[in-house]
Structure formats: C-alpha cells, structure tokens
Amino acid sequence: MRAPREWVDRLGLLLTAVGAAALIWLPFLVFKSNRIVPGEPRALNEVLPFWGALGVQAVLLGDAAVALGVADARRRLAAALAGIVVLALAVAAAANALTPPGNKVVRIAPGGASWVLLLCLGLMATDAITRMRPGPLTRVLLLALTLAIAGAALAHGSFDNLSVMREYAVNAGRFPRELLRHAWLAAGSLIAALIVGLPLGILCHRSPRLRPPVLGTLGIIQTIPAIALFGILMAPLGALAARLPTAAALGIRGIGAAPAVVALFLYSLLPIVANTVIGLRRVSRAAVEAALGMGMTDSQVLWRIELPLALPVILTGIRVVLVQNIGMVTIAALIGGGGLGTFVFQGIGQNAIDLVLLGAIPIVALAFSASVLLDALIEALDRTAAASTEDGS
Amino acid sequence: MRAGLAKILRSLCAAALLALVAASPLEAAVVVSSKLSSESAMIGQMIRLLLNAQGIPTVDRLRIGATPVVRQALLAGEIDLYVEYTGNAGLFFNDAADPAWKDLEQGYELGSRLDYAANRIVWLTPATASNAWALAVRGDVAQAYHLRTMSDFGRWVSGGGEVVLICSAEFANAGTLRSLERTYGFKLRSSQLIVLAGGETAATIAAAAAGTNGANTAMVYGTDGGIAAAHLQILEDDRHDQPVYAPVPIIRESVLRQYPQIATIVKPLMESFDRETLQQLNARVQIDGESDEAVAVDYLKRKGWLK
Chain V
187 MRAPREWVDR LGLLLTAVGA AALIWLPFLV FKSNRIVPGE PRALNEVLPF WGALGVQAVL
247 LGDAAVALGV ADARRRLAAA LAGIVVLALA VAAAANALTP PGNKVVRIAP GGASWVLLLC
307 LGLMATDAIT RMRPGPLTRV LLLALTLAIA GAALAHGSFD NLSVMREYAV NAGRFPRELL
367 RHAWLAAGSL IAALIVGLPL GILCHRSPRL RPPVLGTLGI IQTIPAIALF GILMAPLGAL
427 AARLPTAAAL GIRGIGAAPA VVALFLYSLL PIVANTVIGL RRVSRAAVEA ALGMGMTDSQ
487 VLWRIELPLA LPVILTGIRV VLVQNIGMVT IAALIGGGGL GTFVFQGIGQ NAIDLVLLGA
547 IPIVALAFSA SVLLDALIEA LDRTAAASTE DGS
Chain C
235 MRAGLAKILR SLCAAALLAL VAASPLEAAV VVSSKLSSES AMIGQMIRLL LNAQGIPTVD
295 RLRIGATPVV RQALLAGEID LYVEYTGNAG LFFNDAADPA WKDLEQGYEL GSRLDYAANR
355 IVWLTPATAS NAWALAVRGD VAQAYHLRTM SDFGRWVSGG GEVVLICSAE FANAGTLRSL
415 ERTYGFKLRS SQLIVLAGGE TAATIAAAAA GTNGANTAMV YGTDGGIAAA HLQILEDDRH
475 DQPVYAPVPI IRESVLRQYP QIATIVKPLM ESFDRETLQQ LNARVQIDGE SDEAVAVDYL
535 KRKGWLK
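Chains as they are written, first to last, in my numbering: chain V, 187 to 579; chain C, 235 to 541.
Simulated from the structure, these hints should not be mistaken for laboratory data. Just so we're clear, the structure is a prediction, and the values are computed from it rather than from any experiment. Each residue gets a CB set at the ideal place from its N, CA and C atoms; glycine is no exception. It is possible that part of the hints are untrue.
[To be verified] Sample of chain C residues at the chain V side, in silico, Cβ under 10 Å:
id : residue
1  : Arg295
2  : Arg297
3  : Glu312
4  : Ser424
5  : Ser425
6  : Ile428
7  : Ala443
8  : Thr446
9  : Gly448
10 : Ala464
11 : Glu470
[Stated by the list, open to error] One side of the interface only, derived from the structure: several residues of chain C facing chain V at Cβ under 10 Å:
id : residue
12 : Leu270
13 : Ala300
14 : Gly311
15 : Val375
16 : Ala441
17 : Ser525
18 : Ala528
Excised from the complex, chain V in its bound form (with noise of 0.2 Å):
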C-alpha cells in the first residue's frame, strides 16, 4: 500500500514561500559604524559579487525545487545541508568583504533574510532527518557531527568579523568559564533534585495519602516566578551563610551559584516526582506479582522490575528537567551565580544586542543537544525493554 503521492511537498511549498519571501523584503546583512548605532540593511547583491550573489541564489533556487518536487529524505537533507553551508560561507564571506582592514569598531551581522532563510533549510534538515527515522546512535551521531563541523568552522576564524564572534572575541577569556558554569549549574542542581525527588516519587507511589499534598506542594512551586524565588532565598541562605561559616566555605551563600541552584532544585522536584509515580504505575500488576511470587523481596521488586520498567518515563521528566534548567540557569547572573546569562544581561544594559547572543545561541545549543541526547537515551531503552519482552525473559 503506498500512500498516494501529492504533486507538491506542502512543508516544501510553506519553506520556499517563507525563505523567498524573506530574501524579497529582508535585508542579507545589517551593517553598524559600531556596536550601538542602529544598523543599515544591505541586501545580497550588495554585499558580495555579481557572480557570488548569483551563485547563492542559483544554489536557494535549487533548494527551493528539492523542498517542493523531491520526496527522497536522503536528497532532501543534503540540499538542506548544501543550502546551510552556501548560506554561511556567504555571509562569512560578505562580512571579510564588508569590514575595513584592521577594523574592529564596525559590527556586521546577518540580516533578517539570512536568519530565516537558516530557520527554512534547519527546518528542512530536521524534517528529513525525521523522514529517515533513524535510530537512537545515529541521531546522536549526527549532532556530534554538527556540532564538530561548527566548531571547527568557527575556530577555523572564517566567521570572526560577524558581530557575534567580535563579542567573543572580546570575551574569550570569560567564555569558557562560564559555558562550563552554566552547564553545571542546569547538571548540578538536577542531581540534587534525583536524589531527593526519586525516593519521594517511590514514597508517593507506594502510599497513595501521601501524594496528593507533595504533588500539590510542588505544583505551587513550580508557579512562583523564577526571579522571585531567587530574591526570596537570598535573605534566609544569606543569614545561614552568616551563621555558619562551614556552609559559607562549602559556598552556601545568599549570593552566588547557592540561591539559583535551590530554586532550580525546588522547580525541578515536580517533573521528577510526577514522572516517577507515573511511569511505576505504569509498570503492570502482573509483572509485579510474578516477581512477588517468584519470593523476590519488596526492594528486589523495586530494583529489579519496578524502577527498570519505569525509568523510560523517568527520563522524560529528565529530559523536561534538563532542557528547563538549561534555559532558567540565564537568569542566575542577576543574583551572582554567573553563567552566559551574565553576557545576556550585560548586553542588555549596554543595548548590544550581538553580545545578547553570545549567550542566548549557546544556551539555545545546550538545550537542543541535552533534548536530542536524552531523547535518544528514552528511546534505546524503549527499544530493549521491548526487545526483552519479545524474547520472554
């Protein structure tokens, strides 16, 4: 039975209409004189040569008729790949062209054509790739392999006079010190929340009074406003820090990574908790009694039927958790703890908007790889819990 074939790709067709109608009316690049003067808008045929400009577009215009007329999600995803890197290197090429020798004042970044135009063909990507349904290791694969291939591109210096990579420049030395703190922050105050939210959901589980009020209680929580509980726990981990100068070595300080890794640990009990009673409801009566008939224990149960059959759904609220953090983590640098909110923030005070994506872009690349990482974690081990079943043991 095969599906009856449209004669236009309509994700193919709404693309092309967007990423044409963005070249049409939205500038290529934006030039600055320097880092806050608004910016003039320059379009493609301005800012690189005749046949340069016509090349990209000759190479859009192919992308345009694979989205529309090609089916084959192995073409698809190299057209889009192709159409991502022409784009780049055109832009990269545009700003070397652009910048006055020597020059650091002047900022050149992409305009609105180029940005959508990388949304159409990321989009176009993606969805072939979800066309491919590939397995769990390849998709993780390929993120590696993006990944690698822009970081050597941006290492490579190809890209250093875009405004973004001009912010980073200036930053470097700050840069890596806080990729690493934000990650650790998000990683860090998602253990905590394992160790304590995982025994609670078994709690939960096993004693049905229990989980209405836990799960009403954490559900408050997870309504306050992120900044606001930061404030709220300033004045009580300060005076702790006051009283006991143990905890203020270990860095339990009103300032600083302290408050913002509580409040993230109290926002993230709730998917934990949630999805650990969920997923060992979950788990089936049957397979429990055998194991009880078996003459397992109560904790041999737990370890080796209950939590194994659960954990799919556990990772889920993981995966929430992670991605969550990843992105509340921002607004840690308001209260001390660091982190690439503190180039978002900062750039915000200066009106810099380039400096404003030095933090948000790695921010959104953290959370995209730790959703595809986890993802592909959820699904291998759905795979050999089903796996297993099949083959009865």
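We have chain V already, so just place chain C on it with the hints.
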C-alpha cells in the same frame, strides 16, 4: 546493594570535603566585586589589577548583580570591595531628601559617615566625575537653540520648543523628571515623552541619535560613553538639582585594616577620573566593544601604574 550505597555515600563525603577545601578562600585575598554595568566592572578591574601589581592577592568576583545584590553581598562579608556611587547612600539610609547629596563633598562626607557608623564600611577616595542622571539633546538642536545648560533648556521648552524626551519609567515616575521641571521651570506634556519600561541609557541614547519617534532629547548618565559618539550634547545641571553620583570604592574596615595601603593605591586612580576621562573609557567598552579588562590594562599602562 548496601555495600554499593555505602561506597557511594563515602565518595560523596569525600567530594564534599574536597569542595570544602577548594572553596575555602585563599588566606587574606581581597574579594573585588562590581555591579553589572560596564563602568563599575571597568573600575573594578583597574582596582583589582593595581592591588595585584602591589602584591595584594585578589579574587575576581566582578559583575555579580544589580545594586541591591552587590550591597547585600558586601554587608554579608561575601565580598570585600566594590565601586558604589555617592548619591546611592541616600537610598541605603532612607534619606534621599537631604540636600547634601547634591554636592560631591557633602554627599561623600555624609555617606561615608553613615556607612561607617552603621556597617563599618570605609569609603575610599571618590572620582570627581558624577554619573548622575542628566538630559542630553541632539547636537543639531543644541546648536540651533544655543542649549548648553538645563536653564537654557528650561527657557527653550517653556517658550514652546519642540522637545520629545525619551527616558525610563523610573526617571519619569520616581520624581527625577518632576524635580528637574520644578527647578528649571518647564513642563513636559505626555505627548512630549517616550517612556521605556525598563529603559537603559544605551537604549535612550540610540533612540535620540536616530530620532526614533521624533525623539531629540535623551535621559543619560553623566559619564555615559555613547553621548559624544551619538552626537548628543549633555546639558549641565547648573542649579544642582540632581544628586551627585560620583564613583567611590567602598571596602570593609576589617579588610582595609589588613591592607591599609589599599587606600593610597586607589587614590590616584580615582582622582584621575574626571567626566571626559570616564566618558572616553566607557565609550571604548560601550561603543567599540572592547573588554573592560583590556581597557583597564591599557589605561593603567598609559598612566604608568602598571608595567
């Protein structure tokens, strides 16, 4: 299972102990901090570099947050030194109405006395520049109507001058604008005001420079780096309506007692900061996008304080 758990617990304890050792601050290192703004961070960098050059160990905790956060950190002893602004003491001690804040010396005297008495915090030498709120008009407008001072501005506006002021909500609503209007005898209609909810001066300067929505006057800070680059003319507060906000390093007394030479190290640096100097230094960070550390090193070397 039990043995495994015990092992995990033991390694966790070991990790905690390690963290304790690693986190305990170096004996007697001075924790230098700053607010998020680029000027505070830049001056903080300079102080940190100077202390290091004189053999005083420091810990870099610059840009940790807005004023309340940094202030609380200093009071709690989590940081030792940061750059405050003299006029802010009016807020800290709930005494903003005192006319002393409108004068650099009187404000410094009052602020340092209050802060020392209440918190054992010592105010070191202040800069001569003031980072107070001010108004700046577009250069072409200033030239056409001969606007140099706020008095000129007041006369121009009350005589029907076509002004559109862009400012933050705080500036418009917290009494600053009203106070300027009263002192200089003008009154802005709401149609002459563009109020940004969370407005920073970088945004107001950019808008006035570009003439966004007809704006030709911007709320600025006196030492903003963008003023000259955006071809704006700052209007002198000739009748001293606004509190003076001179940058001043403040330090916990216990730390100063340990390193009394900090006061003399910082003095020539702070005295070198007049309005033009700070504007130029700020411009390098805010407009050209240099790092505050690079600007700090360069300035100290040019002054011969750093080799």
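Structure-based check of each hint:
1. Arg295: C:Arg295 check passes; min Cβ-Cβ to chain V is 7 Å, inside 10 Å.
2. Arg297: holds (6 Å)
3. Glu312: holds (5 Å)
4. Ser424: violated (25 Å)
5. Ser425: With a minimum Cβ separation of about 24 Å from chain V (threshold 10 Å), the hint on C:Ser425 is violated.
6. Ile428: Nearest chain V Cβ about 15 Å off; hint violated.
7. Ala443: Holds - the Cβ of C:Ala443 comes within 10 Å of chain V, reaching about 7 Å at its closest.
8. Thr446: holds (8 Å)
9. Gly448: violated (15 Å)
10. Ala464: OK, holds: C:Ala464 within 10 Å of chain V, min 7 Å.
11. Glu470: violated (24 Å)
12. Leu270: holds (6 Å)
13. Ala300: holds (7 Å)
14. Gly311: holds (8 Å)
15. Val375: Given a least distance of 18 Å, the restraint on C:Val375 is violated.
16. Ala441: holds (9 Å)
17. Ser525: holds (4 Å)
18. Ala528: It holds, given that the least Cβ distance between C:Ala528 and chain V is near 7 Å, below 10 Å.
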